[in-house]
Amino acid sequence: MSVSSATEVVDPVPGAGAPHLPRQPDLVQLLTPEGERVEHPDYAIDLDDQQLRELYRDLVLVRRWDVEATALQRQGELGIWASLLGQEAAQVGAGRALQPGDTAFPTYREHGVAWTRGVDPLHVISLFRGVDNGGWDPVATGFNLYTVVIGAQCLHATGYAMGVQRDGSETAVLAFLGDGATSQGEVNEAMIWAASFSAPVVFFCQNNQYAISVPLERQSRVPLYQRAAGFGFPGVRVDGNDVLAVLAVTRAALVAARDGQGPTFIEAFTYRMGAHTTSDDPTRYRLASELEEWKLRDPIARVKAYLSRSGTADQDFFDAVEAEADELAVRIRRGTTEMPDPPGTAMFDQVYAEQTPHLAAQQAQFEAYQASFGEASE
Amino acid sequence: MLRQFKLPDVGEGLTEGEILQWLVAVGDTVTVNQPLCEVETAKAAVELPSPYAGTVTALLHDAGSTVDVGTPIITIDVGGDAAPAPTGDGGETADGAGGEEVAAGLIGGAAPGGRTAVLVGYGPRNTEARRRPRRAAHAAPAPAPAADYGSGGQDRPPLLATAPDATAKPVRHGGLEVGRQAEAHAAAEAAAPSRAAEHGHRRPRPLAKPPVRKLAKDLGVDLTALTGSGDGGVITRADVHAAAAGPSAASVTELRPVPAATAGEQRIPVKGVRKHTAAAMVASAFTAPHVTEFLTVDVTRMLKLRSRIAARPEFAGVKVSPLLFVAKALLLAAGRHPMVNSSWDEAAQEIVVHGQVNLGIAAATPRGLVVPNVKDAGRLSLAELAGALAQLTETARAGRTAPEDMTGGTITITNVGVFGVDTGTPILNPGESAILAFGAIRELPWVHKGKVRPRQVTQLALSFDHRIIDGELGSRFLADVGALLSDPGTALAF
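If you're matching them up, the sequences are chains A and B in order. Residues are numbered in the working numbering as their position in the first sequence, beginning at 1, plus a constant of 114. Residues are numbered in the working numbering as their position in the second sequence, beginning at 1, plus a constant of 419.
Calculated from the structure, these hints are not laboratory results. Hints may be right or wrong, so weigh each one.
[Stated by the list, open to error] Partial selection, computed: residues in chain A whose CB lies under 10 angstroms from chain B:
1) E182
2) L186
3) Q187
4) Q189
5) D395
6) T451
7) Q484
8) G488
Note that the Cβ used here is the ideal one computed from N, Cα and C, for glycine as well.
Chain B on its own, in the form it takes in the complex:
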């Protein structure tokens, strides 16, 4: 007989643990209390002793994986009956059936009421797992409600105990998608329960009282598909009965097996901005040979200038950010080195040097990465540029960037510093030949006028297309940007 050991809550109120290492392997014979694995939780690293004596038949999670409390982690064959008897009326099938479990300490007469339920046995409880909206548990046959509630009885037998009943209609439990795996499960082998822990989609929890949830679960009604008729949209007992009486074909046809997935895995369709981003990155990374150079810059003076400028009347109401100065420095430097503002035209076998700078700003939005650009940014005054940047990012974050604002870019800035990151190796926006990454500004000890002083320091990283831009040009351009930021007065010389 196969027994599963579920990850218990070894602390107080822990929800998950990481399996650091397995101390047993498939085929090993284990005794009660023999250490099985080492688990690290938020509180401690502990060894889990085996509750069973027998032979290890499966390790359900690899070392290094993080497992939710209540998830089976190991299967142990404890001998005895090979085929578990069908679950009876709240009965304790597996425990009662096997006579070989003296060592496991789990046999014996049933407790009063035919129950051998446990109160804190986190491990054995399926109900614990079901409460988590992210995960689907195995399907229980709908017509056997009594076996499904209250006692921990049905929790004890291996999950396979319910699986062979292929005639049972898969159901959804309490609004959670627990039935999706039902068909696959029925055909599955002993290791199947780990696959059954596939994540369902997140969805809002329907409003219903616990007794109504229980009723819905027993009748196989999906609460998420109902509209509540009670106050505030609460689903009532009558709603559930009505749904159970009506056609249920719709919910049944949905219950197709999904591709086998391992526990903890989530599958997200590639679409929208993600799809676009992926295509653009692949196109860029595998056509333009990237070179990235780095420069660390003392921007203390730039920040002082920023304070003075922000106080000027024409800048009232606009955000004077460090990014604004980086953009201005880039525009000035690009004026000196027009080749960085160019494109490779593969078809025509020409390098296109653009007449104006359409400055792209990479923006993280709720929908993903977008790179809108400021058209002819080189002609804008500092105040106009500040306004344009603010509007650009605001529009992008609101998801309202017009398509024409996202095309025609000629050079890009990505502000990774806002995420607290020092630097990176940015990938070119397709069609452009340079991109500048602007890191976090940090107060660091820095040699200034021969003494170590706390100074405001940042890192710049420039990636460029080596087909167009040689190391010399790239270096000069980056050095100019850096010089303008460390000593803004240099701009007078440009």
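Chain A with its partners taken away, still in its complex shape:
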């Protein structure tokens, strides 16, 4: 695969209008915002109609899940929610590039990747409801638990990749991070280790333009993908709102990792159309016109346009996906409000594989305390 050297071409597609980057290099793109298939010299993709429709379905269902979760938070049912609105293509494309044996290390926003790994949305929601620390099996799903500490998962992923390497396993590791995380020490440390050991890890950075409220130009003087050159491995910028391009680029990077060619840094150029989390108010730091501009680059609309125009899908298909999304929303809503509280002692259960005597004593003390309510309540 080739490193996209900074061809100083001003591209008329996503990213070109971003005011904060002086010169916009090439984006890898296979599907334009208008829904036209284009070819790229280095990346090709050949999907059958069924696979294309599946990608569309993924995008729509993931967005619906996200919208419903945001509403549930506003209704007091979730403590917080980190919305992926606008980043569906980056996540679904990256997630669908993974092979069954691969492992993904997400941040706290990779709901779309979770979806592609077969994680039940309610298992993700339980985390945001404060019921558990993530309800899915990271080993069985190949999808590690969410990491809230910014950038920490890059070290986990690199270490895991080094383990995979030593096991002689032909699988790869996909580490997710955001643009803000690239300013973190552990991310840079992880990249140095990954490069030094040629670890089979791909760093997938969703550049959604804001580290909460801080725009990218405050964090980096160069386009993020160019930083990879400093670590000594390829960096590529892909249109993060183009699910086909993301899929193609990530696949190629994962293949390279499995083949022993070491890490790749992918900058998926996208936009967080919603708030950083439900506790954030993006209108305080960015203009509505910017959002409107990015709405024209919506990751789902372009796939729908392509599917209809090419005759790959008809209205019945779109209606069916819409109905499925409605059902998913109802299931998520019901499942959330009916989610049982964990017992108070659950916090002791998963700290250590084998409980320590000190912790056992604490648990006994806590149980006795809880029991002291008993006289009155039952």
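On the provided structure of chain A, position chain B as indicated by the hints.
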């Protein structure tokens, strides 16, 4: 069936939000996730989507009001059973009873243990609201302890679910006055819960462990009425049992309905200094026709003089404040214009020009506004005046001002500058004919000797009784005070 939506914590750890506007009205049909209102919190302005499908029956708070998290803000009729069944043993009455709530997504088999409790559902929880000492929640019947704890179950049904049980004895929960509204509540209509959020009195939180609080709550014992027998006055389980066994008539008779009040409203009896102040202000404002004039003064020189004077040995130990110079300037100017130091005698139809200046100083004290005065202030030297002012305000702040010090005032200064305020339109102390407001001293760009310089500038405002003092006299007096402050050397000419 009526469902209430309580203001959730839409950020992390927020306690209140302001309803910016309602996007629905009573009678509107709403669907799940349809925006109901826009709420602004300390972090963001957000739209709240409806958790229910149905018809809006009441908006419980007006746009513009600030609402505590956990307070019901809207009532929606979701159809189904009109009369909620009595709450069972930790059961989920409203949710289980209605079969129409598929749209709301709230029905379905109970979770293990018969619970459909929520962990972060701030909205549905009454317990959240009860923890706030300021607000009373609705009363729950004392004999149904099991329904009252642990699960979020009883939180789900509308508050009316417990109200019709008029035979239940109103109780106080955990030391908070949650029972005061009980009788009114039982008779109330659907909108009643908003009234139930009436504020209770603040009182110190009694010391008791959570299990003991729980016990007291279940037994209907008011912890604030108990004296703890444990270490450090902690209320024990035995104390609660003893109180529950003893006569409880006293606590029951207290539970009278109070006048209907809206949520967030606090009623404070008018008494003491407040009552006196109110009467005096009304008497003054509606008998003496007030005129207020303003003057902006460069007091840089006065402040320099103040530094020099403060360094003199006879001023050691006394506070040489800007107020002292204002007082001195007023006294000097009053000597030139004796009519400002006068009273209107309505009965005798005479103007009384006082022979001495009893200088009042308006003082903010913990008990409220008091205006003690310095008797015959005109005869005091600057050092004596400084000492008198310091003693006066100190005594007033300690609440020990003698009645004779508060009567007989002839003219007053109010130092609004200490609150960082520029000026105001003071109301006359009753019986007096002039009051001078002294604003904050600020460093401002000011034309001084033909150049713009940073200078210390303040504002003076003089209100006077226009029956006695004409505009000309008032203006001259104020101008003299201003001249003395901007150029203290003028005093030699007085």
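Problem - Agreement of hint A/E182 with chain B interface, Cβ distance less than 10 angstroms - result: With Cβ-Cβ at 8 angstroms, under 10 angstroms, it holds.
Handout entry: Proposed interface contact between A/Q189 and chain B, which counts if any beta carbon pair is under 10 angstroms
Key = holds, 4 angstroms
Problem - Hint validity - A/T451 Cβ closer than 10 angstroms to any chain B Cβ - result: Holds. Min distance 5 angstroms.
Practice task
So, A/G488 near chain B? Judge it on the closest CB pair being under 10 angstroms.
Solution key: At about 9 angstroms, which falls below the 10 angstroms cut-off, the nearest Cβ of chain B leaves the hint on A/G488 intact, so it holds.
Problem - When the least beta-carbon distance from A/L186 to chain B is tested against 10 angstroms, hint result - result: holds, 8 angstroms
Exercise for the section: Mind checking the CB of A/D395 against every CB in chain B and telling me if the closest is under 10 angstroms? Expected result: holds, 3 angstroms
Problem - Status of the A/Q187 interface restraint (C-beta, 10 angstroms, chain B) - result: At 7 angstroms from the nearest chain B Cβ, A/Q187 passes the 10 angstroms test, so the hint holds.
Practice task
With a cut-off of 10 angstroms on the beta carbons, see whether A/Q484 makes it to chain B.
Solution key: With a minimum Cβ separation of about 9 angstroms from chain B (threshold 10 angstroms), the hint on A/Q484 holds.
Violated hints for the displayed structure: none, as all numbered hints are satisfied.
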